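Chains as they are written, first to last, in the numbering used here: chain H, 1 to 335; chain P, 1 to 335.
Rather than coming from a laboratory, the hints here were simulated on the basis of the structure. Don't take each hint at face value.
Given that identical chains are not distinguished, each listed pair holds provided it fits within a single copy or across any two copies.
Said to hold, decoys possible - With a straight-line Cα cutoff of 27 Å, these simulated BS3-like cross-link-like pairs (lysine-lysine) come out:
1) 6 to 192
2) 192 to 96
3) 190 to 206
4) 69 to 6
5) 18 to 206
6) 6 to 190
7) 22 to 96
Owing to the predicted nature of the structure, the values given are computational and were not obtained by experimental measurement.
The lines below spell out each chain.
There are 2 protein chains.
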Amino acid sequence: MPELRKDPVLGRWIIIAKERGKRPTDFILEEEDTTGGFCPLCPGNENTTPHEVLVYGREYGEANSPGWKVRVVPNKYPALVIEGELNREGQGLYDKMNGIGAHEVIIESPNHNDAFPELSNEHTFLVFRAFQHRIKDLGCDDRFRYVLVFKNFGKAAGASLEHSHSQLVALPVLPRKIESELTGALTYYKFKERCIYCDIIRQELKQDVRVVCKNELFITITPFAPRTPFEMWILPINHSSAYHEQSDEQLMALAEIFSESLCRLDACIPNVPYNFVLHTEPLRSESLPHYHFHFEIVPKLTSIAGFEWGSGFYINPLAPEEAAAYLRESLERIS
Amino acid sequence: MPELRKDPVLGRWIIIAKERGKRPTDFILEEEDTTGGFCPLCPGNENTTPHEVLVYGREYGEANSPGWKVRVVPNKYPALVIEGELNREGQGLYDKMNGIGAHEVIIESPNHNDAFPELSNEHTFLVFRAFQHRIKDLGCDDRFRYVLVFKNFGKAAGASLEHSHSQLVALPVLPRKIESELTGALTYYKFKERCIYCDIIRQELKQDVRVVCKNELFITITPFAPRTPFEMWILPINHSSAYHEQSDEQLMALAEIFSESLCRLDACIPNVPYNFVLHTEPLRSESLPHYHFHFEIVPKLTSIAGFEWGSGFYINPLAPEEAAAYLRESLERIS
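Extracted from the complex, chain H is given alone in its bound form (with noise of 0.2 Å):
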């Protein structure tokens, strides 16, 4: 059974989900070889994942087999387990509980070679709604008071399949960066009543110094204090506090701004590795007035070191008024 335990200083849970029988050295990183070879997540190979727990697009057929746009399984390596009870624990001034969560992959086209950001964005549409599906399902588990849902694409962002999927984690505790964002914004409304996110959406409006793209209901900034070059928010204009609230409509209109932004991003840096994560608010949380649901994109291209470590702030070569100027100009720059 993996473990959470708080760091009695800073508030902040790490799991422990132990390899057994590893000796020191199996801890090395190691350059995994993900090209070719055997494909998990290609369908005809749904007997070697866990049952699924979602699919979209089969319409005939039986359950883990083929014939699926979308498919949802457990992780089979999962650092959470879904079965349990959590058990918090003292040991003296420390806190523990058990690693109870879930852990999810999504695989976002049955096409091993189909990069995300080249889906149609009606494909697009049915992963973000996979993401709300499981996010709704997972709510229900009183358990959980967190749906972690993030993206690494390629090596260097910590991928370890090629085929592309992104993943989700339940998580009995908030995580420390949401429940900081949360705090942020809530100072903030209680000084002006006002959502500070709404805030720097009209500032980044009227600046237009860092808005790479928009549509009519979702707009694509680099923020101003980025942590990485071509960092990229993407906020929906209207205030909401909940991704699992949007409509079909703002789905769609999210899938068409996330795929542009991502090929700007392609077009200026091809094949760069990135993550990305959904910033939203927690499970069975009423309407926050202060909070602003959004996706964070980070490219992996400066290592992070001992004074970003230390310190929790970074070193970030390019300007975000630069990097939204390349970003608006890729694709003219290569149509």
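Starting from the known structure of chain H, fit chain P onto it as the hints suggest.
Leaving out everything else, chain P in the frame of chain H:
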């Protein structure tokens, strides 16, 4: 001039250190070959670095000539610059200031191939005294609030030069991580009227399952909630919030345990990349009853991907109790 920018929600400061004339693809991570070739940190090449700000061991001879044991120079490619005013400025809801600070390199030995943990204790002592010396000196500059001392060892941990060195950055803001620690420790102190780190040391000595090694004045533990396999903290056993106030006797004991701890790590995983960071009180602080200076050593083993970025928490495949057992046995095993 670099810029310091604050994330309006999180309060996190980042440095925009523009590198002029770069194209987007120039930001791609490259595998630099740092072996062989010209080394600007070797004796005889003193004229290729900025002028030294501190030197130990050169009894005769001019400044910036060979004959030194430890040499401190400004970083040739500094993330922050020393000359200028802070000029704090708002831009709508955003905050920024000039990227004023110091960025220095501590060259730990004249010998290109010396590994840090293999230096004699007397030599390592000089390195730790150089940290002290520079913190005190930079603390006289009212513009600075913190000096962050850190080391990147190995390419995967961000080292761009092979010659053994550490770095320091003097900052006009308090790093977010240190601020969080100060806040967490103060909350505990208000409740218990005891330093949380002192309590941690007491509990670790009693439980004796995460102690790696100790001497009369210092202790090395694997923390209860470590981010990575083999993460280690080195703390003074007696309460002290100020690294720069340690006596020579204390620094000597620190040099001893530091070398021993790194040798134990190296015996477990030969040549493993790592970062260490000094966590100490802010500049010109009064002695703090709730904070305890320490070093955190974080091996670079697992890659940080979307989950960790998004959540601010970590999946660690090795329990610290097992890591401590390996580290305890390691030197005995190879001797």
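Results of checking the hints against the structure:
| no. | hint | verdict |
| --- | --- | --- |
| 1 | 6 to 192 | between (33 Å within a copy, 19 Å between copies) |
| 2 | 192 to 96 | between (38 Å within a copy, 20 Å between copies) |
| 3 | 190 to 206 | within (24 Å within a copy, 45 Å between copies) |
| 4 | 69 to 6 | neither (39 Å within a copy, 42 Å between copies) |
| 5 | 18 to 206 | between (50 Å within a copy, 24 Å between copies) |
| 6 | 6 to 190 | between (29 Å within a copy, 20 Å between copies) |
| 7 | 22 to 96 | within (23 Å within a copy, 47 Å between copies) |
Figure legend: structure checked against the earlier numbered hints; the only hint not met is number 4.
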